[in-house]
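A.B. asks: Residue numbers (numbering that gives the first Met the number 0), protein chains in the order written: chain F, 0 to 569; chain R, 0 to 569; chain G, 0 to 284; chain P, 0 to 284.
Hints may be right or wrong, so weigh each one.
[Stated by the list, open to error] A short, non-exhaustive set of chain P residues, derived as facing chain R with CB atoms under 7 Å:
#, residue
1, Leu34
2, Leu36
3, Phe61
4, Asn63
5, Gln255
6, Gly258
7, Lys260
8, Leu273
[To be verified] Listed below are the simulated SDA-like cross-link pairs for lysine to any residue, each with C-alpha atoms no more than 20 Å apart in a straight line:
#, chain 1, residue 1, chain 2, residue 2
9, G, Lys278, F, Ile379
10, G, Lys260, P, Lys126
11, G, Lys278, F, Glu239
12, F, Lys444, R, Leu547
13, R, Lys125, G, Lys25
14, G, Lys173, G, Ala274
15, P, Lys126, F, Lys447
16, G, Lys25, G, Val199
17, F, Lys447, F, Ile379
18, G, Lys249, P, Ala144
Just so you know, the hints here were simulated from the structure itself, not pulled from any lab data. All C-beta atoms, glycine included, are put in the ideal place defined by N, C-alpha and C.
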Amino acid sequence: MRAQPTFNNEVSIVLCGEAGQGIQTIETVLTGTLKASGLHVFATKEFMSRIRGGSNSTSIRAATSPVRAYAERIDLCVLLDRDAYPWLRPRISPETLVIGDPAVFADVEGLLPLPLTELAQQVGEKIYANAIACGFVTALLGLEPTALEATLQQMFDSDRDVLAKNLRAARLGRERGEAAVSKKQLTCRIEADAGVTGQLFLNGSQAVGLGAIAGGCNFIGSYPMSPSTGVLQFLASYAERFGILVEQAEDEISAINMGLGSWYAGGRAMVSTSGGGFALMGEGISLAGGMESPMVIHLAQRPGPATGLPTRTEQGDLDLALYAGHGEFPRAILAPGTLEDAFDCARQAFAMADASQSPVILLTDQYLLDSSYNVPQLPIPAAPHEHRIVETAANYRRYALTESGLSPRGIPGYGRGLVCADSDEHDQAGFITERSEVRVAMVDKRLKKLALLRGEAAVPHRLFGPKNHRRLLVGWGSTRPAIEEARARVNDPETAFLYCPQVYPLTAAVQQLLLRAQRLIVVENNATAQFARLIQRETGRLADADWLQYDGLPFSVENLETRLRQEVCS
Amino acid sequence: MRAQPTFNNEVSIVLCGEAGQGIQTIETVLTGTLKASGLHVFATKEFMSRIRGGSNSTSIRAATSPVRAYAERIDLCVLLDRDAYPWLRPRISPETLVIGDPAVFADVEGLLPLPLTELAQQVGEKIYANAIACGFVTALLGLEPTALEATLQQMFDSDRDVLAKNLRAARLGRERGEAAVSKKQLTCRIEADAGVTGQLFLNGSQAVGLGAIAGGCNFIGSYPMSPSTGVLQFLASYAERFGILVEQAEDEISAINMGLGSWYAGGRAMVSTSGGGFALMGEGISLAGGMESPMVIHLAQRPGPATGLPTRTEQGDLDLALYAGHGEFPRAILAPGTLEDAFDCARQAFAMADASQSPVILLTDQYLLDSSYNVPQLPIPAAPHEHRIVETAANYRRYALTESGLSPRGIPGYGRGLVCADSDEHDQAGFITERSEVRVAMVDKRLKKLALLRGEAAVPHRLFGPKNHRRLLVGWGSTRPAIEEARARVNDPETAFLYCPQVYPLTAAVQQLLLRAQRLIVVENNATAQFARLIQRETGRLADADWLQYDGLPFSVENLETRLRQEVCS
Amino acid sequence: MTANPFIREGCDIAWCPGCGNFGILKLMSEALAELKLDPQQTVMVSGIGQAAKIPQYLQTHFFNGLHGRALPVATAIKASNPTLTVIAESGDGDMYGEGGNHFIHCIRRNPDLTNIVHNNMVYGLTKGQASPTSQRGFATPLQPAGVILEPFNPLGVAISLDASFVARAFVGHKEQTRDILQQAIRHRGYALVDLLQPCVTFNKLNSYQWFEANTRYLDPDHDPGDRSQAFTRAIEEDPLRLGVFYRKDKPVFEEQLDGFKTDKRPLYQRQVDLAELGKLVGEFT
Amino acid sequence: MTANPFIREGCDIAWCPGCGNFGILKLMSEALAELKLDPQQTVMVSGIGQAAKIPQYLQTHFFNGLHGRALPVATAIKASNPTLTVIAESGDGDMYGEGGNHFIHCIRRNPDLTNIVHNNMVYGLTKGQASPTSQRGFATPLQPAGVILEPFNPLGVAISLDASFVARAFVGHKEQTRDILQQAIRHRGYALVDLLQPCVTFNKLNSYQWFEANTRYLDPDHDPGDRSQAFTRAIEEDPLRLGVFYRKDKPVFEEQLDGFKTDKRPLYQRQVDLAELGKLVGEFT
Ligand SMILES: Cc1ncc(C[n+]2csc(CCOP(=O)(O)OP(=O)(O)O)c2C)c(N)n1
Ligand SMILES: Cc1ncc(C[n+]2csc(CCOP(=O)(O)OP(=O)(O)O)c2C)c(N)n1
Ligand code: SF4
Ligand code: SF4
Ligand SMILES: [Mg+2]
Ligand SMILES: [Mg+2]
């Protein structure tokens with residue numbers, strides 16, 4: 000442990016304990032307080048697949064400028080439980096201030112003691128250890144007590160007694176903290192940014208949910224599955240306010256078929272699921288392809304195969320998303336990397352699905368969904384989504400052949416025509432046929448629509464760093480902020496970062512960048528370099544290196560920074 | 000119509016009519032008769048997804064030397080029904096002898112009249128038109144009447160009256176045929192091969208079923224789905240004789256989970272399904288991957304997406320087979336092209352699944368399954384499959400880490416250990432864990448097994464034509480015989496044909512051949528060149544041309560011959 | 000008499016001559032016409048199978064989806080636009096086999112739709128394997144020694160789940176069946192009609208004659224409000240009872256959804272309220 | 000007393016303190032030990048959920064498979080090696096929700112296995128959404144205005160399908176429940192135990208007290224051979240009845256399979272008869 004701890008511009012705090020101990024409450028209180036104090040805040044959690052016990056932790060970064068990625072470094076480590084310690088061990092350095100109850104952690108060298116049990120007893124119950132810890136930490140950081148108090152006030156405003164006890168606990172913690180500061184000569188130099196306090200603070204699930212609403216989502220039938228349930232529950236909680244029909248399906252097969260039924264009848268439906276549930280939806284996705292129904296599928300990745308690690312993170316389902324469903328038909332896959340992207344990709348998924356009459360898969364992961372930070376604003380569109388449904392004429396044909404492959408989409412009960420949608424190969428009117436020339440025409444019609452998804456309707460890439468790069472890091476989905484930050488830290492004049500929120504189909508612009516790069520490095524949170532393979536499949540361009548991680552945890556900024564420094568030096 | 004029809008070395012016969020009219024009976028009788036007469040015989044059918052009516056046809060080739068592929072040319076076209084005619088129109092040339100009832104086909108120019116209705120009435124019932132047609136055709140071909148009579152005898156030996164009527168009908172047909180021969184001066188010069196009569200004659204479903212038995216299959220839980228049902232029903236009909244447990248599952252999800260339960264308990268299970276059903280099995284396949292359970296999945300392809308064309312053919316599910324199931328784990332995909340291959344790949348699928356403790360997908364299609372021809376013998380192994388199950392010791396650990404990634408596989412009730420199989424990420428003993436280092440070790444363990452599937456355990460490729468080729472045609476699955484025949488017909492000294500019964504993982508030898516080829520042409524019965532993409536994904540080698548067909552029908556030899564001639568000339 | 004607007008002209012019907020499906024098709028078009036429904040407001044939802052082809056031959060909207068999946072689709076269609084009349088119609092394999100999970104949970108939901116199941120006790124389209132309702136001992140290419148499973152009892156299961164309308168009919172009885180179909184379609188809530196239908200090609204056991212001989216209507220004093228009695232009748236096997244076994248008025252699914260609490264419009268008439276969304280986003284400060 | 004061979008030592012049990020699952024775990028290990036079963040011959044099959052973790056804590060073989068899929072796995076294990084005792088145990092969401100189709104068809108098959116369902120009327124592992132057995136009005140993060148679906152009635156459905164053993168128990172009653180579990184395990188054929196279990200974390204409605212107050216054993220004169228009576232008891236909601244509702248001896252699935260007709264050995268002891276295969280191939284000339 001360092002003698003005179005100093006936090007310059009940034010501090011990284013980790014709190015850990017058992018499930019059920021209230022780590023989530025601490026995270027909410029602490030991030031709220033930090034943000035209210037004018038600091039940029041990032042928080043992410045990792046937790047076990049159990050409701051009580053085990054070891055969970057939340058990692059919080061607070062800084063002078065925006066922070067949006069997971070970092071390994073720990074400045075302050077608050078241990079609420081014995082079991083948690085070994086899990087965090089690898090991240091604890093000599094610089095880390097380890098805080099814990101001296102009665103429990105007598106053996107931890109250099110412990111900054113905080114007698115949580117004793118103090119909590121003073122307040123009344125064990126659960127107040129949370130507020131004590133918050134008071135202690137905010138004091139260490141030299142924050143004004145008012146921010147914490149206001150946050151607690153907001154959180155516990157329904158119960159006066161509980162609030163009073165929390166405030167008291169916070170004060171007890173703060174007093175200990177202040178004492179520790181003076182004793183340790185701790186200095187905290189993280190300047191506040193007044194703009195932060197008015198900004199938004201939300202997590203990935205909320206961003207996806209808000210984006211879906213922005214995209215006009217008004218139907219979701221889904222089956223709970225971590226880590227996708229947050230989005231489902233988010234929409235459920237705003238069902239009345241935004242007129243969204245929400246139903247817990249009996250299984251994922253029902254869920255996607257409900258979604259297709261809703262689109263058919265004029266709804267804008269989405270399903271939210273994870274790998275195992277998505278695997279069950281393959282036939283339904285193929286139905287969307289064959290029936291030319293729009294469909295939005297939120298696939299929240301977690302490590303597989305099978306049940307795998309239900310509460311952890313991975314980018315292991317890209318291949319699955321790419322080929323799920325039998326037969327041949329177009330689709331698009333969007334993989335947002337930031338909260339703004341998550342919002343926007345969710346919104347765009349609806350627009351693309353509607354425009355192309357095809358399934359669009361929104362590919363996120365546990366890390367993105369369970370991470371939160373402040374963002375200035377979300378890209379709320381100026382006008383609501385286009386109204387693409389046509390009023391049908393009496394001779395309406397659902398699958399009329401056109402130049403673009405798209406047939407005007409009618410729905411039952413709006414117009415004088417009949418809307419005949421068929422899962423078998425069909426003619427233009429929607430009736431079963433086995434004529435080979437019609438078959439060929441319909442295959443061509445369907446496949447043509449890929450051009451729209453690759454072109455006009457596509458979500459554009461972003462390039463960070465020098466245009467004239469020699470080395471190109473490529474990333475997709477939730478790795479974006481960590482790669483961005485690592486690249487910025489190293490700041491090599493020859494290295495750029497290409498971020499692809501649309502992982503399929505690849506746009507011409509992305510393909511060009513990939514083919515032009517002299518050294519191509521693909522960064523992925525999986526074991527088999529799935530995006531690198533996709534690139535190879537689409538462009539023939541082999542990646543020169545794959546930077547992979549598949550232990551259930553996200554890339555840390557430090558990990559990527561180290562790799563990049565090695566790469567740049569070599 | 001030609002004036003003096005001559006059949007040299009080969010004749011191509013097509014019979015068509017409604018479903019329910021007995022086309023299947025004619026096919027059986029005629030192919031039996033042709034083979035009994037010492038001719039090499041190939042037959043394939045195309046039929047509509049209905050039980051009665053519509054238009055179905057069977058295409059038969061009979062020749063002096065082996066015939067194993069679909070040809071477009073028709074020498075004799077027997078029309079049993081009005082509706083069938085337009086469907087066959089494109090295949091009828093001026094050389095084709097069109098045979099039909101003059102009362103029905105008054106408008107067909109140059110019809111070789113056969114008053115089927117009238118003659119059948121003489122015998123007693125409409126259904127005898129079939130035997131009449133057989134008598135007529137065999138007479139045209141100048142075959143001895145005994146062969147047909149013997150075939151009928153075998154087929155109707157349970158009912159004397161029906162047999163007598165069939166024999167009478169055959170004679171009536173023969174008389175008309177003989178008259179026609181002398182009138183038309185028809186010459187048939189197809190020499191018999193005495194060896195043929197003793198050979199086997201079977202179809203693809205039977206070859207797969209027999210191969211499964213050879214592989215030790217003793218459990219199949221499946222749900223009916225065209226064109227996969229034949230294999231299921233084949234095994235059901237030999238359930239008692241070979242001690243196979245057969246159950247019609249309530250759905251495909253149940254089917255694959257039953258299969259995994261059976262392997263766990265010491266069975267050797269397979270499921271048989273088609274695209275839509277396979278899509279539902281993705282989660283189960285992932286479970287096989289995660290639990291390291293052997294599993295054999297027969298995926299009988301038909302055109303998708305969705306319900307598509309249930310009774311037609313396509314190679315459209317390779318991508319799906321490759322990536323079905325969430326998360327990352329090894330698998331193998333075998334796609335046989337001939338009946339011998341079908342038998343052998345089915346057998347090998349069990350051996351590979353068992354050896355690698357991984358899912359193996361046997362990829363066939365309607366065309367392969369519904370085609371039949373004579374083969375000298377099937378490659379029945381000399382010894383039964385290896386017994387790979389270990390007797391467990393008390394401290395048995397199902398997922399013990401080893402050099403190869405393979406852990407000795409125990410089963411419950413055999414030995415003193417407990418067999419703990421888990422769908423969550425697990426430790427060596429099979430218990431749930433979330434420790435990242437164990438996770439990484441288990442991912443590595445599982446992925447290591449791919450080496451076995453790519454190496455030792457792999458099914459080798461075949462190269463036809465010159466070793467020193469410049470141009471390489473590549474094919475997989477059921478296209479093999481058509482490509483082989485087309486290549487042999489053109490016989491270009493610079494063109495070879497690489498046939499890959501193991502489509503994934505690609506062996507080193509196949510990769511080398513692909514990379515060495517100067518001009519690479521991939522032939523596939525689909526619209527998006529899935530195998531070409533797989534090659535690109537695995538080797539980076541872009542195909543120079545994709546020869547595709549996706550109208551629900553197989554490639555004809557003529558189609559490929561024409562393309563190859565153009566290719567060779569250009 | 001005016002022409003029946005539900006008859007689709009010029010269809011090439013893919014069923015076998017003599018199949019019970021023809022009778023059902025006729026009864027359905029008559030029942031719909033007599034109820035004076037509007038084809039433009041009627042949606043047929045089906046799965047895959049011989050029975051599931053029926054929407055192709057009726058002049059209505061249709062969603063001819065995946066094998067076994069008609070009910071979730073139908074539920075969502077009805078919820079998304081409650082002004083439509085929605086009929087989910089398929090075979091016994093489709094509804095009770097592949098679709099069994101949707102069957103039980105759809106009943107629990109009680110959407111206002113009619114569920115008609117062509118029960119021919121066999122898989123027709125795939126050529127004669129056992130269906131969940133096949134009788135014990137029925138031999139097929141896949142069950143060469145005969146079916147060994149207990150036949151699925153759709154009526155008993157539906158009554159167990161307190162379905163709001165449960166009936167069995169036989170296509171051979173035109174008047175009664177048309178009447179039952181009309182009652183079911185008119186019924187507000189989930190209505191099941193298990194419709195016995197001979198498959199003349201693959202089910203030689205359960206023929207027209209067999210159904211005639213082995214069915215009998217519920218007694219006139221049968222009380223469809225008595226759940227236990229309905230159940231007792233539903234488990235009778237010899238003869239199989241025909242008629243309306245059970246009915247109970249219950250709130251329907253779609254009306255209870257939060258998304259309809261303040262806004263009653265069908266979904267296609269809605270637009271996202273961006274101002275409200277802006278407000279919501281603002282709540283995340 | 001000798002140590003219970005079914006207790007797995009040194010487990011880190013992932014359940015919440017006070018959870019009803021602990022009681023079930025204890026009762027199960029006792030029931031198995033008292034029946035003098037052999038851990039080496041006992042296989043537990045489960046899906047995913049809190050309940051589904053139980054095999055991890057019992058000293059037996061286990062197959063801890065996919066959410067909802069325990070029954071097909073268990074059926075195949077039993078068929079592949081009929082000498083094993085097979086228990087399929089999972090939660091209400093797993094067995095009646097995701098696995099609903101297997102539930103109904105497994106009953107029709109009647110394999111000789113025990114199906115124990117921890118019915119806590121909630122989805123525990125995924126943090127408190129409604130399960131198929133949740134009561135109307137039960138509010139959750141996903142059903143904020145309360146459940147609107149009819150609760151699934153597992154007993155009624157099982158009795159409709161003529162399940163060979165149907166019981167309900169409550170973990171709070173140790174003696175009776177251990178007895179019911181033992182009866183179920185001993186029973187030859189499919190045996191369902193719907194086992195009421197409080198989830199102290201996510202189901203504040205159906206607590207220990209609630210179950211105590213809202214359950215009552217079947218009357219002593221209840222005749223488990225009377226299907227209609229069993230059904231009438233099964234649809235009673237207030238109170239929920241406990242005990243063995245129905246039993247009927249029927250042939251078990253695995254014994255009727257053609258594959259066991261001549262060869263009685265478990266599959267792992269079999270080898271393909273290549274000579275016979277050669278003969279069969281020869282028949283294709
Ligand atoms: C996922 C899936 N599995 C299997 C099939 C094949 N299939 C089509 S129809 C059918 C059974 C039809 O039986 P039923 O529903 O009783 O209808 P019927 O033909 O008897 O009217 C099956 C198994 C399919 N289309 N999709
Ligand atoms: C295919 C699939 N869908 C969803 C899930 C997520 N999931 C895991 S357990 C569970 C519900 C558990 O509820 P229950 O079976 O009642 O068990 P409990 O936790 O209440 O004991 C769900 C939805 C999953 N693992 N797999
Ligand atoms: S197969 Fe059976 S159900 Fe299908 S059309 Fe023919 S008779 Fe009717
Ligand atoms: S969440 Fe509920 S069911 Fe799960 S362990 Fe906790 S109390 Fe038990
Ligand atoms: Mg049927
Ligand atoms: Mg539960």
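A.B. asks: Now look at each hint and say whether the structure bears it out.
C.D. replies: Verification of the supplied hints:
no., hint, result
1, Leu34, "violated, 17 Å"
2, Leu36, "violated, 12 Å"
3, Phe61, "holds, 5 Å"
4, Asn63, "holds, 5 Å"
5, Gln255, "violated, 11 Å"
6, Gly258, "holds, 4 Å"
7, Lys260, "holds, 5 Å"
8, Leu273, "holds, 6 Å"
9, G:Lys278 <-> F:Ile379, "holds, 11 Å"
10, G:Lys260 <-> P:Lys126, "violated, 26 Å"
11, G:Lys278 <-> F:Glu239, "holds, 15 Å"
12, F:Lys444 <-> R:Leu547, "holds, 16 Å"
13, R:Lys125 <-> G:Lys25, "violated, 29 Å"
14, G:Lys173 <-> G:Ala274, "violated, 57 Å"
15, P:Lys126 <-> F:Lys447, "violated, 43 Å"
16, G:Lys25 <-> G:Val199, "holds, 18 Å"
17, F:Lys447 <-> F:Ile379, "violated, 31 Å"
18, G:Lys249 <-> P:Ala144, "holds, 18 Å"
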